[in-house]
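K.L.:
As given, the protein sequences belong to chains U and H, one line each in that order. When the letters of the first sequence are read in order and numbered with the numbering used here, they come out as residues 1 to 313. When the letters of the second sequence are read in order and numbered with the numbering used here, they come out as residues 1 to 296.
No wet-lab data here; the hints were simulated from the structure. Where a beta carbon is used, it is the ideal one built from N, C-alpha and C, also for glycine. Be aware that a few hints might be false.
Claimed, not checked - Which stretches of chain H does chain U cover? Using the computed rule of at least three CB atoms under 8 Å from a CB of chain U, they are:
#1 33–39
#2 80–93
#3 160–169
#4 176–183
#5 205–215
#6 232–239
As the list claims (entries may be wrong) - Short, incomplete list of chain H residues facing chain U, as computed with Cβ under 8 Å:
#7 Pro-27
#8 Gly-28
#9 Pro-138
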Amino acid sequence: MAVQAPATRPATAGTPEPVQRFRMGAGYWVYLIPSAVLFLAVVIVPFLMNIGISFTRWSGVGTPKWTGLDNYKRLLGDQTFWASFQHNVALIVAMAILPTMLGLVLAAALFDYIGKKFGARTASALRAAYYLPQVLPVAVAGVVWGWMLHPSYGALNEVLKAVGLGSLAQNWLGDPDIALASVMGIMVWFQLGYPVVIFMAGLQRVDPALYEAAELDGASWWQRFWHVTVPQIRPEIFVVLLTCTIAALKVFGPIFVLTRGGPGKATIVPSYFSYQNFFEKSNVGYGSAIATVLAIIIVIVTFLFLRVQERKS
Amino acid sequence: MTSLSVRQAGSARQAAHAGGRIPGAGPGRWAVLAALVVLAVVMLFPFVIVTLNAVKTPAEYSSNGPLSLPHGIYLDGIIEFWNRVDFGRKLLNSLLISGAVAVLAVALSVLNAYAIGIGRVRGRLWILVLFLVANTLPQEALAYPLYYLSKEVGLYDSRLAVILIFTVVQGAFGTYLLSAVLGDFPKEIIEAAAMDGASRWRVLWRIVVPISSPTLSVLMIFFFIWTWNEFFLPLIFLISNDNQTVPVALGVLQGDKMMDATMSSASALLGIVPAVAFFLIFQRTLTRGVTVGAIK
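From just these sequences and the hints, can you work out the full model?
P.N.:
Listed below in structure tokens is the structure:
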């Protein structure tokens, strides 16, 4: 190693010669070996196996039976499969779109209004309150709300009775007509703090002169919001939308804890549907097909987001 | 003309600062504050109500309902739940798994990022894309083969299996982030050390790691908390009571018929307390880290 050191010096002093650069880079491969081994065992092989299994009928024991595209054909005609993706869209609304929209307004209000009129401490105390649900493991958030919404002893129905709205009391998670809406509400509560914190951090790098200029031009708060705040933190908005959309597509914990996909199929999502096929129904091939489709959708969504982001910037 | 408007602008700016002449300055600002405070109360309400009811006696609960204030601090519900699920053991499992993953995943990320960001190995862009794709892949698409393979090699229902899996998953994200950070690492320092005869291994541990330790500590905290919060794979892999993590133990017991109202809230409180404790301990580093994540 020490022998190589003097060779580096002229390379950086003048223009680097390609041969030397290559030799310098070659030795660094060693540092990738531990990752390569683990990565192969934990990600690449299992993922390829999953794709392979999706072309078979297999109960998890014995030899898988090759069935070609049968599982995928069956998926297309499976009501539960389509329902699970519809619920995914609802959860994207609840976990990505609503929190982003609310988060933008809240972050701008805290940063540009509360922070200036009532001091930074008030703003950061409110921010901490909105963020607190985010620190919970999502399964624990599910336990908390399973308790809050319990049909016989849940606190939410008691609150409604206490304020004279007892007629609105519901079996929030047990009624197939409103179970999905209840889960959506819980996820908004859970997610909201994330965009608020990210957007407030983003607003700190916006040049205050932009706001002052807009104020002097007589722009209202909403005009400043639309024409200064939103365009200035567009990169943060993209990151939040992307990460939250992926999280919504993958959602499993809250569904498992709150509803187990029910009542009936009212809140089933692809990840829980594949889990059921893997571990409850022993339809491993079919479960793998669901998981593969979910993986493809997530990769496509990620690429689309990154493309749009590149074009905008 | 121009100078005049500039001067006007200047004085208007002063006025805005002196008198708070921003539109909606009157009583309206209290209305805005009130609305935001009400929202904060709504967000915090579940935490408060869970805590209130976790320290009530079952009798108190059934006569006064969930909204009444407790008459005293009654801890028997919490203690009974703690003993019944052997909660200390779950805490230990979670600490062990999350701690090991945090350290190992940061180590893995550093090694990768050293090769990619500083070593600039060939094909580094593709390696990064691979890690990024791995990070976005749903665990559902790996779960069954991992379950099957771990059974084959005798690692099923072991904490080691979960540690290895999450080391790779978190390490993939860490590599992505750290490679960018180390890509901007001042070259002069490394070259100076190399001229002094330091080997690459020494440069990594004596120079790169100490200098980037603020970023590494943020990553470590993130990996710890993310692993702590994981549910899906630990649920599949840790089936015996002795190996379960906190979220798995609480999630599986949700809706259990043995759990009455106060014990359910006690279980929720036991899930909340460590999470909030970590948040308070790591808060400063975390808020810095959330920003790091946003820039990625």
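K.L.:
With reference to the structure, classify each hint as holding or not holding.
P.N.:
Each hint, compared with the structure:
| no. | hint | in the structure |
| --- | --- | --- |
| 1 | 33–39 | holds (count 4) |
| 2 | 80–93 | violated (count 0) |
| 3 | 160–169 | holds (count 5) |
| 4 | 176–183 | violated (count 0) |
| 5 | 205–215 | violated (count 0) |
| 6 | 232–239 | holds (count 3) |
| 7 | Pro-27 | violated, 12 Å |
| 8 | Gly-28 | violated, 10 Å |
| 9 | Pro-138 | holds, 5 Å |
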